[in-house]
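A.B. asks: Two chains, two frames, some hints: make the complex.
Spelled out, the chains give:
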Amino acid sequence: NAGVTQTPKFQVLKTGQSMTLQCAQDMNHEYMSWYRQDPGMGLRLIHYSVGAGITDQGEVPNGYNVSRSTTEDFPLRLLSAAPSQTSVYFCTSRVPSTDTQYFGPGTRLTVL
Amino acid sequence: ILNVEQSPQSLHVQEGDSTNFTCSFPSSNFYALHWYRWETAKSPEALFVMTLNGDEKKKGRISATLNTKEGYSYLYIKGSQPEDSATYLCASQNAGGTSYGKLTFGQGTILTVHP
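Top to bottom, those sequences are chains A and B.
Taking the working numbering as reference, the numbering of the first sequence is continuous, increasing by one, and the terminal residue is 112.
Taking the working numbering as reference, the numbering of the second sequence is continuous, increasing by one, and the terminal residue is 1115.
Next comes chain B alone, as it looks inside the complex (with noise of 0.2 Å):
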């Protein structure tokens, strides 16, 4: 994979559902996988930050998961609700060298739930 990835591109929803979007990214030379949420007509607003192969995070009802050996990642919503209607982006960052803090987007998933 040489691009980030992100899957599915949107995703409706009924309120209380649960569920889930993947990131592909390069595995090699990996430094960092983030998660923002945007809404729209506001800027990205940074959900998570993982480094560490297994890692898992989660704030209220979203949480992520990390695999940098198979390169991808899994943002997970629990009991949708309408005010989780966003996109929602992740971004790959590199390792050293001119890389360094350099972030490539996926293009983003789409969430709409519905009341």
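The following block holds chain A by itself, in its conformation from the complex (with noise of 0.2 Å):
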């Protein structure tokens, strides 16, 4: 198994700017999620999914959107990137008998 996959590792991006940030797993894991990871505020919760066709919005949504058309596939949009948006990304997907999570490696955004 590959785990929690991301892609990509560093983005650049200018301001208003919009892209998608990839995250994949191959574990048939239901619940996904997407963290945020600034210095002095610990792992935030953007969105998260309990399932294919289902979404929610966690501690800090705005900005973002997600789908999930998929169990695999849990792509996190920046609509029009700002620079409160630098940050690193991490997406998670949960095992559902242990509620251990796992973590992706990450991805590095900074916003111009």
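For the record, the hints were derived by calculation from the structure and aren't laboratory data.
Model, not experiment: these values are computed from the prediction.
By construction, the Cβ of each residue, glycine as well, lies at the ideal position given by its N, Cα and C atoms.
You can trust all of the hints, since none of them are fake.
Which chain B residues face chain A? A few, computed with CB under 7 Å, are given here:
| no. | residue |
| --- | --- |
| 1 | SER1043 |
| 2 | PRO1044 |
| 3 | ALA1046 |
C.D. replies: Structural data, given as structure tokens:
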């Protein structure tokens, strides 16, 4: 199993540009989520999904969209990038039986 | 306690020292408490998931305890080694409803073990 994969690893955007951060898992996990990590703020939940076709907002959803058309993929879309979205983004998936969440390698995004 | 809080923020110890950190979390609507180890330039790695009051888990030299009634968990490292240097995160998971599965993270304890 590749586990949780994320692409790209690094990205630089200009203010106002849009982009999609990709996340995929090959473990057939129903639950997936996106977090952002900022210095002094800890990991904060952006959006999550409990299965294909079902998504919900987390703590800091503004400026981001998600969709879950398949169990494997959970992309995060930045609609109009802002400098405040400069962060490291982590995608996770959860093992139902143990509640353990597995993290992807992260995407470091800089918005100029 | 409304948020998940970890103390201390950072800790420097000598190789061979034993150390412990604290995670405080809201005790109402509690479902599980997670501990993660996060090394620099890597992604967080799950250490323990604990659900029962009084639970104690162990992995090698690392162990954790849980008190759900008062809302705290301790992580212990016995005989710290330089490779234990990392940020240790805890996260609280609430029970049921729309909160199911969502983790609220603390800010972490940064451990540095000096040779």
